[in-house]
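Chemist: Each chain, letter by letter, is given below.
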Amino acid sequence: MSAVAKPMNNDAILKVEHLSMRFGGLMAINDLSFEVRRGEITALIGPNGAGKTTVFNCITGFYKPTMGMISMHQEGGKSFYLERMADFEVTRDAKVARTFQNIRLFSGLTLLENLLVAQHNALMKASGYTVLGLLGFKSYKDASKEATEKARYWLEKASLIDRADDPAGDLPYGAQRRLEIARAMCTGPELLCLDEPAAGLNPRESQELNKLLRSIRADNGTSLLLIEHDMSVVMEISDHVVVLEYGQKISDGDPAHVKNDPRVIAAYLGVDDDEVETVRHEVEEGAN
Amino acid sequence: MATVTNPSAASTGSLTAKALREATFTAVMTFLMFALFIGLKTDQNMRNELILVPRWGMLAILVVIAFVGRFAMVAWLQPWRTASKAAKSAAPTVDEDAGFVKRNFSKLAILALVLYPPIILWIFGVQGSLKYIDNFGIQILIYVMLAWGLNIVVGLAGLLDLGYVAFYAVGAYSYALLSINFGFSFWILLPLAGILSAFWGIILGFPVLRLKGDYLAIVTLAFGEIIRLVLINWQDVTKGTFGISGIPKITLFGIPFDASPNGFAKMFHLAPSSAYYKVFLFYLILLLCLLTAFVTIRLRRLPIGRAWEALREDEIACRSLGINTVTTKLTAFAIGAMFGGFAGSFFAARQGFVSPESFVFLESAVILSMVVLGGMGSLTGIAIAAIAMVGGTELLREMDFLKHVFGPDFTPELYRMLIFGLAMVFMMLVRPRGFVGTREPTAFLFERKAVSGAFTKEGHG
Ligand SMILES: Nc1ncnc2c1ncn2[C@@H]1O[C@H](COP(=O)(O)OP(=O)(O)OP(=O)(O)O)[C@@H](O)[C@H]1O
Ligand SMILES: [Mg+2]
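Protein chains in written order, with the numbering used here: chain A, 1 to 288; chain B, 1 to 461.
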């Protein structure tokens with residue numbers, strides 16, 4: 001298989017190298033390189049239109065990058081070049097799951113059904129690619145029961161168990177976000193990519209979300225890559241922050257480092273490049 | 001005790017007063033507006049002079065209509081509409097209160113269908129039953145099967161297919177040609193016709209399924225026409241517009257339905273009649289319908305069926321969950337086409353004659369409207385729609401008394417499309433989600449709750 005790469009650095013679960021994405025005349029991402037380390041929560045931040053969602057779309061196979069390499073290194077030692085794989089293969093084989101900035105649930109299916117659809121590939125195998133399932137074989141019934149249990153586990157974890165049999169479209173906004181995360185987790189990913197999971201949440205929901213994300217990392221050993229606008233969320237839960245502006249990386253490091261990086265402050269406050277030096281002085285003075 | 005005013009009585013009184021006021025106002029406005037237009041008519045008299053002809057009667061009628069209409073609207077229609085709207089929004093998830101009939105609806109329906117031929121035979125006698133079993137029974141069941149087959153593609157997977165009749169044609173011609181040229185029996189050709197149709201479904205699917213929405217609809221429409229044109233023009237094989245006749249009948253495990261000594265009537269010491277064949281065909285198509293329903297219900301609970309419905313809801317989300325949407329769409333197309341093929345081969349065997357005439361676009365449109373009218377995805381709703389539409393057509397044929405009203409040249413079935421159209425517009429206004437607008441979930445943790453149609457999507461490709 002051409003999509004399988006040699007296992008490289010054990011520490012990095014995802015490596016993005018020299019990634020570029022061009023839309024006509026617009027360089028949405030320009031020569032971006034960064035790493036997501038195993039077992040960590042990595043945040044990708046940047047102002048509106050910086051190209052964060054585009055990076056996600058390249059990682060998860062929805063866009064084919066103009067240039068660059070994205071490699072995924074699984075725990076078992078298997079590695080994949082994601083830019084060569086179709087979008088559904090990225091989830092199925094490379095075990096990278098994602099959520100969307102504008103929530104994409106199956107609104108007419110119940111919560112339970114949403115989580116069962118996420119276990120499609122495992123259930124498909126158990127149903128003998130439909131044939132055995134159609135004939136009512138027991139192996140499918142067992143697998144189906146197991147899948148329901150897994151769904152129940154995630155519904156409980158996302159505190160959605162009371163609404164298990166309601167249509168997903170009937171949930172309030174914050175619950176829909178949690179359901180989308182639970183659904184992504186049901187695919188059994190090693191890396192979970194979340195596109196602005198805290199957008200539109202109230203402070204209480206935001207706290208619940210942080211708890212859920214921490215427990216996903218602690219209990220399930222899943223590494224996380226998340227896009228976030230809310231700096232307080234980023235500072236609170238992430239181990240590592242990558243900052244993007246106009247498709248280029250302007251900072252990379254732990255939250256404290258990034259928070260004090262004058263280029264980041266400039267980007268967020270909207271200061272011109274030649275003023276960065278002034279800002280740097282101000283920051284240094286403030287630190288003293 | 002203090003006097004208690006009845007609020008509802010008070011509001012009814014004020015409502016009537018309000019209605020009266022508004023109606024009077026409307027009537028005055030109507031009078032003023034139409035007094036010169038309708039009340040007075042300019043005309044010429046015998047001497048070519050311009051004269052005014054007063055038409056106070058007509059004006060009065062208009063004013064009365066406006067008065068009554070406004071009164072009815074304010075006093076009855078508006079409260080009723082707001083009440084029904086409030087009732088609807090109060091209960092977004094439909095809760096089933098289980099009556100006996102409702103709970104066992106499908107079992108009762110099957111029982112009624114099984115008992116249908118003997119009851120008809122008993123009421124109308126052997127010859128009189130022909131019309132009811134053939135025109136009403138078999139005809140409707142063929143359409144039920146076709147609509148259930150299309151339901152997999154349109155109702156579950158959300159792929160708008162306007163050329164479904166092509167697969168019906170493939171099934172019918174497969175049976176006609178293979179049974180005449182090779183003498184295969186129906187029982188071999190039935191699965192074969194299904195497989196061939198499914199095969200054509202995949203052939204069509206490969207290039208087409210990357211398209212979405214309108215584009216998919218147009219290409220499937222074109223495919224349906226191509227198949228029909230091939231049937232017309234490939235004269236060496238299909239005999240073109242003349243069609244293929246003399247298609248062998250179906251035998252009951254080797255027992256033929258004819259007047260020969262080892263035929264069905266002789267064997268059971270019955271008077272020879274074609275009615276027995278029709279009854280046999282009725283049970284056969286009933287079995288095929290039940291098979292379709294059984295497979296559809298089973299498939300919905302399997303991962304593939306859930307993936308179809310998820311595909312209808314959101315294709316991109318499906319791909320993000322690792323579902324190969326191309327093969328998922330292809331299986332929906334192939335399985336839908338397979339049932340079309342089964343129905344086609346049954347149709348050929350029942351008619352004994354097939355021609356391209358039977359597979360025009362109108363058929364696709366009729367089958368599709370059954371799926372839409374019935375409520376996408378609901379087997380019960382679709383069956384009701386098929387009964388209403390096919391049964392309605394047959395009923396129109398029966399309405400000879402209309403000839404006495406509209407004159408001897410009046411053929412009611414020519415108005416079929418007009419009536420369908422009106423019924424369709426009316427249905428879509430009253431129940432935009434079809435007869436059965438709710439969706440049965442395929443799995444549940446605590447209790448099975450029907451999903452209101454407000455949340456389900458129709459699909460975009
Ligand atoms: N499919 C596309 N075709 C053309 N341009 C695109 C496409 N997708 C994104 N872009 C452009 O690329 C740039 C980056 O967009 P992107 O959605 O990645 O930003 P973002 O960082 O996610 O912003 P936000 O914080 O608003 O979500 C924008 O200028 C956008 O208009
Ligand atoms: Mg974005």
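Just so you know, the hints here were simulated from the structure itself, not pulled from any lab data. These figures come from a predicted structure and were not determined experimentally. Do not rely on the hints blindly, as some may be mistaken.
Coverage of chain A stretches by chain B, computed from C-beta distances (three or more under 8 Å per stretch; other residues unrestricted) [said to hold, decoys possible]: (1) 72-81; (2) 101-113; (3) 117-123.
We put the CB at the ideal spot given by N, CA and C, even for glycine.
Chemist: Checking against the hints above, which ones are violated?
Modeler: Hint 1 is the one this structure does not satisfy, whereas the remaining hints hold.
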